[in-house]
Amino acid sequence: MLYIRHMIRTQVYLPKDLYRNIDLIAKREKKPKAQVIRDTLEEGLKKKRTSKNAGHVLLEIAAMAKKYKWKGPKDLSTNHDKYLYEEA
Numbered sequence: 001m002l003y004i005r006h007m008i009r010t011q012v013y014l015p016k017d018l019y020r021n022i023d024l025i026a027k028r029e030k031k032p033k034a035q036v037i038r039d040t041l042e043e044g045l046k047k048k049r050t051s052k053n054a055g056h057v058l059l060e061i062a063a064m065a066k067k068y069k070w071k072g073p074k075d076l077s078t079n080h081d082k083y084l085y086e087e088a
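FYI, the UniProt record's numbering numbers position 5 of the sequence shown as 5, with every residue one higher than the one before it.
Hint data in this document are derived by calculation from the structure and do not stem from the laboratory. It is possible that part of the hints are untrue.
Claimed, not checked - Lysine to any residue pairs mimicking SDA-like chemistry, simulated, CA-CA at most 20 Å apart: (1) Lys66 to His56; (2) Lys33 to Tyr13; (3) Lys33 to Arg5.
Stated by the list, open to error - Quick list of the computed label-pair ranges, beta carbon to beta carbon: (4) Arg9 to Lys69: 51 to 59 Å; (5) Leu41 to Leu84: 35 to 43 Å; (6) Ala63 to Tyr83: 18 to 26 Å; (7) Lys66 to Glu43: 28 to 36 Å; (8) His56 to Lys82: 24 to 32 Å; (9) Lys71 to Ala26: 53 to 61 Å; (10) Arg9 to Lys30: 19 to 27 Å; (11) Lys48 to Tyr13: 18 to 26 Å.
Virtual Cβ for every residue (Gly too), placed ideally from N, Cα, C.
Kindly produce the complete structure, drawing on both the sequences and the hints.
Rendered as C-alpha cells:
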C-alpha cells in the first residue's frame, strides 16, 4: 500500500513469539515491521467487517421475504412468542 495517510503513533505490547513472527515476515518480505503490523491489522479488520452476525443474517432473510413477497401472520409483531414457542 503506497498511499500516504496521517499516522497516529501507538504502543502495543506483544508476546515474544508474535514479535518473532512479525520480525521473520518483515525480513522475508523486506518490509519494515511497522508495515507488516499495519497490513496484518488491516486484513484482519476487513475480515471482521465482512463477517456476518445474527443481525445481518436476519436482515438478509427479511430482504428475501420482501423480494419474494412472502406474507407472514398480520399479528406477528405482537404475538411473536406464540409463533416461536407454541407447537403447530
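Evaluated hints:
The suggested pairing of Lys66 with His56 holds, with an alpha-carbon distance near 15 Å, which does not exceed 20 Å. Under the criterion of a C-alpha separation no larger than 20 Å, the hint pairing Lys33 with Tyr13 is consistent with the structure, at around 14 Å. Under the criterion of a C-alpha separation no larger than 20 Å, the hint pairing Lys33 with Arg5 is consistent with the structure, at around 18 Å. Under the hint 51 to 59 Å, the C-beta atoms of Arg9 and Lys69, about 55 Å apart, fit the expected range.
With their beta carbons about 40 Å apart, Leu41 and Leu84 fall inside the hinted range of 35 to 43 Å. Distance hint check for Ala63 and Tyr83: the Cβ-Cβ separation is about 20 Å, which falls inside the suggested range of 18 to 26 Å. Judged by the Cβ atoms, the range 28 to 36 Å given for Lys66 and Glu43 holds: they are separated by roughly 34 Å. Roughly 26 Å separates the CB atoms of His56 and Lys82, a value that falls within the hinted 24 to 32 Å.
Evaluation of the 53 to 61 Å hint for Lys71 and Ala26 yields a pass: the beta carbon distance comes to about 58 Å. The given range of 19 to 27 Å is respected by Arg9 and Lys30, whose C-beta atoms sit roughly 23 Å from each other. For the pair Lys48 and Tyr13, the supplied restraint of 18 to 26 Å holds, since their beta-carbon distance comes to about 21 Å.
Checked against the numbered hints above, the structure breaks none of them.
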